[in-house]
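Note that the protein sequences, when read in sequence, are chains Z and H.
Position 95 of the first sequence, counted from 1, bears residue number 105 in my numbering, the numbering being contiguous throughout.
Position 248 of the second sequence, counted from 1, bears residue number 1277 in my numbering, the numbering being contiguous throughout.
Calculated directly from the structure, the hints in this document are not laboratory data.
All C-beta atoms, glycine included, are put in the ideal place defined by N, C-alpha and C.
Among these hints, one or two may not hold up.
Said to hold, decoys possible - Covered stretches of chain Z (in silico footprint by chain H; criterion: 3 or more residues with CB under 8 Å from a CB of chain H, positions within the stretch not fixed): (1) 46–57; (2) 132–142; (3) 209–220; (4) 224–238.
Claimed, not checked - Sample of chain H residues lacking proximity to chain Z, with all beta carbon distances greater than 10 Å (derived): (5) Leu1062; (6) Leu1086; (7) Pro1203; (8) Ile1224; (9) Met1228; (10) Pro1258; (11) Thr1278.
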Amino acid sequence: MRPPALTDERRRDASHASRQSGPAGEGTLSRRRRRIRTWVTIVTFILPALVLFCLLVLAPILLAMYASVFKWNGFGILPQNFVGLDNFTRMFQDEIFLGDLWRGLVLVILSLVVQLPLALGVALLLNQPMRGRAVYRLLFFAPYVISEVIAAVLFTMVFSEERGLANRVLDFVGLDALQSTWLSDPSTVMYTLFIVMTWKYFGFHMIIYLAGRQSIPNEVIEAAAIDGANNRQIFRHVTLPLLGPTIRISIFLSVIGAIQLFDLVWVLTGGGPVHASETMAVTMFEYGFKRYQVGYASAISVVMFILSLVFALGYQRWVMSRDTQGAITNMRDQR
Amino acid sequence: MSAHARRKGRTAGDRFRGVAMQITVLMIAAFVLVPILYGVLGGFKDNQQLSTNPFGLPDPWVPSNYTDVIFSGSFWRQVFNSTFIALMTTFIVVFLSALAAYIFARFAFKGREFLFMLFATGLMFPFAVAILPLFILLRALGLLDNPFGVILPQAAFGLPLTIIILRQFFRTVPAELEEAAILDGCSAFGFFWRILLPMARPAVATVSVLAIVTSWNNFMLPLVVFNDPNWWTLPVGVQQFSGEYASDTARILAFVILAMIPALAFYALAERQLIGGLATGATKG
């Protein structure tokens, strides 16, 4: 679809050039000069962005891949001590790293089972006529704009043992039995972390769902209602399938977010107690910046990169492919 | 008649559902608001009050936690650093992206799709993956403890999304406009600067707001780049402060609440661009 449009533009360009110049010979000359000028424009406009991108995005990623096959304490510019795939074999015997993978999976599953349905429910609620819904929408999204660090410090206080809000509330409503040491207990720390993640991110997913819901024409829903479908049937057979693309995007963002999760964990628990809440990014940071095992840390970041890349490509190929097709046909319809 | 009865039943049911909806939403609102309110009120208490009187209003009100922070130079220094870094990042990323997006949107040339794909794959590079080599690179370039050590990498990582959004917008500008401008003797840059950018103001606003928020909340990069407290941004400052005064809960609450205000104020101002931008960013990314 695109290439013909391009040649069209180019042809228009060309005819426009020859229209300007008189005799044929002069036309080719000025056309050549024009073409050179066009190339100069292209290069000067793209080059700054390209240089910045190559130097500070691509080069670091390549450097990480290179460093991942060395034993290196991070001094100097390039590593010397080549160790082959040792870092990777070490990683898959490292219980902390394997635990990171497991904990990432736990967070993803918790998000899918708790956070996303909550966000979807709230979005559908706020899509109904209701008093104050603009205020609610504004409020629920607000935690998203607060930095993870600030949220983490606030919740460290909320979940602190003696003065924290959580235990006080449980005390007050008579549920003392549920009181906990929250962040300093290995068996509760992941759930506590997940509560904070939900607080910070469900509003973001809600906004995505709201946008998705608003792109469904109300006529479709009304038609189903006229045909006698009840609310649950409408939700199950009309709204939910039409929200499919939106839900898939929100799942995608949750998984990618879980793979990279760092700030929140670093400030809330530092990965502790005894690695019980550590994520891949925290392990990488710990080895790279605290223990000067830069080769090993690079290997971890390479695995993070491969995981997100494989997931992103696979997900787009197998799960979202229908949606992109839909998106393109929609775009064409709009034109 | 039966229809009438059914309608009546439905309104009663509707009223019940309406109340149930309000209660559900209020509970969620409480979940979002209570931690923040706890912070705001907690900042006005002293630590003893926090233990004995966790929910109630402060008695007496202790403003010193807040005033101590407000009258300390370091808080304002951090606000300034965060602002400066966010604005510079935004300016660089938006300007460079706009230049490139203009070419991607309006010029046909060999290798265009490849170059565009190269930028677009940047969306898949998580910041955390690059942080170690980036640190080594910045150290080699002498950019540690230098604001540009944070600004330039942030701008570089912001390029993919900004280019994608801007290119999409530039494509909607009719080609006739450009032809007319060129005929009138406008150079390519002249057209870009004087016609295209002003026309693209809504899209530029969207990507700018996204860049500002991303930069404002960035933590990992300033954490490793800035050793010197004079350059700390708010997130780094908040983290260090909470470590330094670990036992002084009330003071930390006051600091956290004050540090939250700029982001929330900005959100109140730019809510539409932010939400619109995230929605397009999510669907296009």
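Q. Is the Cβ of H:Pro1203 more than 10 Å away from each Cβ in chain Z?
A. 12 Å, holds
Q) Is H:Pro1258 truly not at the interface, in the sense that its beta carbon sits beyond 10 Å from all beta carbons of chain Z? A) 16 Å, holds
Q. Counting residues of the region 224–238 of chain Z that have a beta-carbon nearer than 8 Å to any beta-carbon of chain H, does the count reach 3?
A. Since three or more residues must qualify, the claim that chain H covers the region 224–238 of chain Z is violated, with 0 doing so at under 8 Å.
Q. So is H:Ile1224 really clear of chain Z, every C-beta pair being over 10 Å apart?
A. The claim holds: H:Ile1224 sits with its nearest Cβ about 15 Å from chain Z, beyond 10 Å.
Q) For the region 132–142 of chain Z, do at least 3 residues have a Cβ located nearer than 8 Å to some Cβ of chain H? A) holds (count 6)
Q | Closest CB of chain Z to the CB of H:Thr1278 still more than 10 Å away | A | Contrary to the label, H:Thr1278 does not stay out of reach of chain Z, its closest Cβ about 5 Å off (not over 10 Å).
Q) Under a C-beta cut-off of less than 8 Å, do 3 or more residues of the region 209–220 of chain Z approach chain H closely enough to confirm the stated coverage? A) Holds: 5 residues of the region 209–220 of chain Z have a Cβ under 8 Å from chain H.
Q. Is the nearest Cβ of chain Z still more than 10 Å from the Cβ of H:Leu1062?
A. Violated, since 7 Å does not exceed 10 Å.
**Q.** chain Z versus H:Met1228 - minimum CB to CB distance exceeding 10 Å, so not interface
**A.** 17 Å, holds
Q. For the region 46–57 of chain Z, do three or more residues have a beta carbon lying closer than 8 Å to a beta carbon of chain H?
A. holds (count 6)
Q.
Checking a non-interface call: every C-beta of chain Z should be farther than 10 Å from the C-beta of H:Leu1086. Is that right?
A. Answer for H:Leu1086: holds, closest chain Z Cβ roughly 15 Å.
Checked against the numbered hints listed earlier, the structure breaks hints 4, 5 and 11; every other hint is satisfied.
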